[in-house]
Amino acid sequence: RNSEEARTDRPSQQLRSLNGEWRFAWFPAPEAVPERRLECDLPEADTVVVPSNWQMHGYDAPIYTNVTYPITVNPPFVPTENPTGCYS
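Start counting the sequence shown at 1; every next residue gets the next number (UniProt numbering).
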């Protein structure tokens, strides 16, 4: 595609909407995700509507701050408590 075509309002064949209902499973950390979850379609998972955030569906506590982020930033290390969501 060229830049002029990219600036038009015409639908693109390169675009796929992810809006809709998705199966969702929440875990307290990436290590808590069972290996089988990564290989299946999450048949026993709950359903959430996307776009949204999982806190609005009752998973985990909402994080809001207008000053500083409440989680210590220490790259490349990630916190032990690192909520993880799997969608399918």
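Keep in mind that a hint or two might mislead.
With beta-carbon atoms standing in for the labels, derived distance ranges [unchecked claim]:
1) Ala6 - Met56: 16 to 26 Å
2) Ala32 - Thr8: 22 to 32 Å
3) Asn2 - Thr80: 16 to 26 Å
4) Cys40 - Leu18: 15 to 25 Å
5) Tyr64 - Leu15: 29 to 39 Å
6) Asn74 - Gln13: 17 to 27 Å
Source of the hints: derived by calculation from the structure; they are not laboratory data. A virtual CB, placed ideally from N, CA and C, is assigned to each residue, including glycine.
We went through each hint and held it up to the structure:
The hinted range of 16 to 26 Å is not satisfied by Ala6 and Met56, whose Cβ atoms lie roughly 33 Å apart. For the pair Ala32 and Thr8, the beta carbons lie near 45 Å from each other, so the given range of 22 to 32 Å is not met. Roughly 48 Å separates the CB atoms of Asn2 and Thr80, a value that falls outside the hinted 16 to 26 Å. Between Cys40 and Leu18 the beta carbons are some 19 Å apart, a value that agrees with the proposed interval 15 to 25 Å.
Tyr64 and Leu15 have their C-beta atoms about 30 Å apart, which keeps the hinted 29 to 39 Å range intact. Range check, Asn74 to Gln13: Cβ separation about 42 Å, and the 17 to 27 Å hint is violated.
Hints 1, 2, 3, 6 from the earlier list are contradicted by this structure; the remaining hints agree with it.
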